[in-house]
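Protein chains in written order, with numbering that gives the first Met the number 0: chain U, 0 to 116; chain D, 0 to 563.
If you're looking for bench data, these hints aren't it; they were derived computationally from the structure. Don't take every hint at face value.
Computed beta-carbon distance windows for the label pairs [as the list claims (entries may be wrong)]:
#: 1; chain 1: D; residue 1: A58; chain 2: U; residue 2: G24; range: 47 to 55 Å
#: 2; chain 1: U; residue 1: R8; chain 2: D; residue 2: S531; range: 36 to 44 Å
#: 3; chain 1: U; residue 1: G82; chain 2: D; residue 2: R321; range: 24 to 32 Å
#: 4; chain 1: D; residue 1: R515; chain 2: U; residue 2: G50; range: 18 to 26 Å
#: 5; chain 1: U; residue 1: D87; chain 2: D; residue 2: R427; range: 52 to 60 Å
#: 6; chain 1: D; residue 1: D304; chain 2: U; residue 2: G24; range: 24 to 32 Å
Listed next, the in silico DSS-like pairs over lysine-lysine satisfying Cα-Cα at most 25 Å (straight line) [claimed, not checked]:
#: 7; chain 1: D; residue 1: K50; chain 2: U; residue 2: K35
#: 8; chain 1: D; residue 1: K262; chain 2: D; residue 2: K205
#: 9; chain 1: U; residue 1: K93; chain 2: D; residue 2: K97
#: 10; chain 1: D; residue 1: K178; chain 2: D; residue 2: K97
#: 11; chain 1: D; residue 1: K178; chain 2: D; residue 2: K205
#: 12; chain 1: D; residue 1: K84; chain 2: D; residue 2: K53
Idealized CB from N, CA, C, for every residue including glycine.
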Amino acid sequence: MDLKIGKRRVDGVTIVSCQGRIMFGDEANALRDFLKQTLAETPRMVLNLAGVTYIDSGGLGTLVGVYSSARGGGADIKLTGLGQRLRDVLQITKLATVFEVFDSEQEALTALGRGAA
Amino acid sequence: MGAGQRHMAFQPITGPVSSPGSGIFPTLVFVQGNDQRTINLDHTPFTVGRKVDKDLVIADPRVSRDHALITSEDGQFCVVDQGSKHGTFVNGERVQRKTLERNDRVEFGVRDVSYVIFHPHHASSNTAREFLSQISGIQISTDTTDLEKLTLFLEAARKLNTTGVLDEILVTLLDATLKLTRAERGYVFMRDEENNLRLAAGRNSKGEPLLDDTTISHSILDEGVKSNSEFVITDTSQSLDLAGRHSIVAYDLRTVICIPLRKPQVQATRDAQAAVPTESSPEVMGALYVDSRFASRDISSVSNDILRAIATEAASLIENARLVQAEEAARRYQQELSIAASIQQGLMAVSIPEVPFARMKGKNLSCKEIGGDFFDAVNTEEGLAVVLADVSGKGVSAALLANTLQGMIYSQLTAGMPLIDIVVAANRFFTHKHIGEKYATLIIARIRRDGELEYVNCGHVPPLLVCNKEVIRPPHGNLPVGLLADATYESDHVSLHPGDRLILVTDGVTEAENARGDFFEDSRLEAVAAKSATLEDIFAAVANFCGGTPLSDDCTVVELVYSG
Numbered sequence: 000m001d002l003k004i005g006k007r008r009v010d011g012v013t014i015v016s017c018q019g020r021i022m023f024g025d026e027a028n029a030l031r032d033f034l035k036q037t038l039a040e041t042p043r044m045v046l047n048l049a050g051v052t053y054i055d056s057g058g059l060g061t062l063v064g065v066y067s068s069a070r071g072g073g074a075d076i077k078l079t080g081l082g083q084r085l086r087d088v089l090q091i092t093k094l095a096t097v098f099e100v101f102d103s104e105q106e107a108l109t110a111l112g113r114g115a116a
Numbered sequence: 000m001g002a003g004q005r006h007m008a009f010q011p012i013t014g015p016v017s018s019p020g021s022g023i024f025p026t027l028v029f030v031q032g033n034d035q036r037t038i039n040l041d042h043t044p045f046t047v048g049r050k051v052d053k054d055l056v057i058a059d060p061r062v063s064r065d066h067a068l069i070t071s072e073d074g075q076f077c078v079v080d081q082g083s084k085h086g087t088f089v090n091g092e093r094v095q096r097k098t099l100e101r102n103d104r105v106e107f108g109v110r111d112v113s114y115v116i117f118h119p120h121h122a123s124s125n126t127a128r129e130f131l132s133q134i135s136g137i138q139i140s141t142d143t144t145d146l147e148k149l150t151l152f153l154e155a156a157r158k159l160n161t162t163g164v165l166d167e168i169l170v171t172l173l174d175a176t177l178k179l180t181r182a183e184r185g186y187v188f189m190r191d192e193e194n195n196l197r198l199a200a201g202r203n204s205k206g207e208p209l210l211d212d213t214t215i216s217h218s219i220l221d222e223g224v225k226s227n228s229e230f231v232i233t234d235t236s237q238s239l240d241l242a243g244r245h246s247i248v249a250y251d252l253r254t255v256i257c258i259p260l261r262k263p264q265v266q267a268t269r270d271a272q273a274a275v276p277t278e279s280s281p282e283v284m285g286a287l288y289v290d291s292r293f294a295s296r297d298i299s300s301v302s303n304d305i306l307r308a309i310a311t312e313a314a315s316l317i318e319n320a321r322l323v324q325a326e327e328a329a330r331r332y333q334q335e336l337s338i339a340a341s342i343q344q345g346l347m348a349v350s351i352p353e354v355p356f357a358r359m360k361g362k363n364l365s366c367k368e369i370g371g372d373f374f375d376a377v378n379t380e381e382g383l384a385v386v387l388a389d390v391s392g393k394g395v396s397a398a399l400l401a402n403t404l405q406g407m408i409y410s411q412l413t414a415g416m417p418l419i420d421i422v423v424a425a426n427r428f429f430t431h432k433h434i435g436e437k438y439a440t441l442i443i444a445r446i447r448r449d450g451e452l453e454y455v456n457c458g459h460v461p462p463l464l465v466c467n468k469e470v471i472r473p474p475h476g477n478l479p480v481g482l483l484a485d486a487t488y489e490s491d492h493v494s495l496h497p498g499d500r501l502i503l504v505t506d507g508v509t510e511a512e513n514a515r516g517d518f519f520e521d522s523r524l525e526a527v528a529a530k531s532a533t534l535e536d537i538f539a540a541v542a543n544f545c546g547g548t549p550l551s552d553d554c555t556v557v558e559l560v561y562s563g
């Protein structure tokens, strides 16, 4: 597997960082399981994708799947650390309008704080 | 150790690999008319009759309700008639009781229509066991230590793993263990899917097969499996708390050794943070159990080194054998993939309609893995329509979903539906059927005789419009189909002039990689599209860019030229 996932807690928010490729198969499955488990513990999450070098169509599908089911379940995920390539993909697929994307972890955390207040 | 210096020439064994049925148990081949099935004789008495609770039920009025039994005594199998009305026959001769030999034909009441052929265990030649006994006779000198002998055995067995099946390995393991421990009899139990221990093989010191019986101390077996030790030796003469244990008292078991077979630990190098928490102790796959009744066969003094070696070696041996079986499963999976490949070839075999005002061409280069690309072309009153789609993911599921999507879109295009309605329906289909995280990016374009082009891009690589050597990438786009149930879609319109070209590609083209990990990118695609008039040139440019790096995704390019 070509993906490392780590997490830390800041003010009741879980920050999940990914490093490597998010590909259909092992990586996407590992990411889905990790995110679901983490969301069950804390419903507010910042997903930092700064270390992600590539995401394929299956990986993107997983991301959207987790994102929309989290939203449906009342959880809140903000994205940050998107590389140019991922921004392009989100632009082409118009998914930029679906995800909430922030330029930095701090901005994402601030947005989550506002949401909770 | 000495074993390392010994040079043993292992001949590759190319004989027939025994089928899963040819395990340690004798088998009955039950023939009824044109049907034939193999029954494992894994317990005795084995009952035959018309009653439904029989081990072998023969629904024929000539078969008595309790017709016959097959029993075992001293390793021999015997058929016993139960006073049946129409009799039991062995090789055509009516019998009351008869010891069965290999290939004996047994008939119960019904003659000729249905019968049973008896096969004692291990009919196959060239088995791992025979081979091992050969090498043990030749190669092992008397001054070899027991541990070295075991190592030799196991080394040989491991090499034979590639040809043998799990059952063979288990029997080899038992024989080796019995030889080393001098125990009277031995059994291997393996966990089944429900986590229950089931007998996988049984042998006595004479090398005869044994079936499960009540004299095995299951309490010691369970204890051994639950314990954290490498092995559990129970010497009943020294233990006072064994009085309540039925089999020990009833059968005067003197010494019992139980060796849990634990799954060999693979190095766990996953990221500590990401790793799913694992159980603290390795998974117990089963247990090796040996016991003795007689003082002369006292096994309590067996060297601990030997037991420890058996414990670790046996487990890895079994695991290896299982891996071989998993490979077999993988081979079958490959066959399924070839089915998916043929589905996909069907998707790509598109007959392109000929129209006076436009020309269309499509080309696809498949990567090794099966993907979910497809394209299609339909000519209707509304114009010539082209579809290019890429279902996310790979393999059979992607190919099947692509197939379904193609059918949906084809039928709706044929019916002359508006393009927006078609993608809305496809999106509804994907999201309402809960196909998981599967979705598709696609483009549907339809060109009319007058050059009016309407197209809907759903998350797909933007098309290339080549007008007079100038490449335009329209920014229009929508969400892919299948991701969000409430997505809305819009189409775009362009007026084409004679000679204008529309080029559609899948992301396998723009994301084709070279050895350095660079992508082909839009820029290279646009450059070649501006220069050249043919699809072949685009594929040549991709191939040239990739060098020898194999494609990781399917590449599909469709070109539509408006001729006016």
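The hints, checked one at a time:
no.: 1; hint: D:A58 / U:G24: 47 to 55 Å; in the structure: holds (49 Å)
no.: 2; hint: U:R8 / D:S531: 36 to 44 Å; in the structure: violated (55 Å)
no.: 3; hint: U:G82 / D:R321: 24 to 32 Å; in the structure: violated (42 Å)
no.: 4; hint: D:R515 / U:G50: 18 to 26 Å; in the structure: holds (20 Å)
no.: 5; hint: U:D87 / D:R427: 52 to 60 Å; in the structure: violated (28 Å)
no.: 6; hint: D:D304 / U:G24: 24 to 32 Å; in the structure: violated (44 Å)
no.: 7; hint: D:K50 / U:K35; in the structure: violated (53 Å)
no.: 8; hint: D:K262 / D:K205; in the structure: violated (29 Å)
no.: 9; hint: U:K93 / D:K97; in the structure: violated (80 Å)
no.: 10; hint: D:K178 / D:K97; in the structure: violated (33 Å)
no.: 11; hint: D:K178 / D:K205; in the structure: holds (10 Å)
no.: 12; hint: D:K84 / D:K53; in the structure: holds (17 Å)
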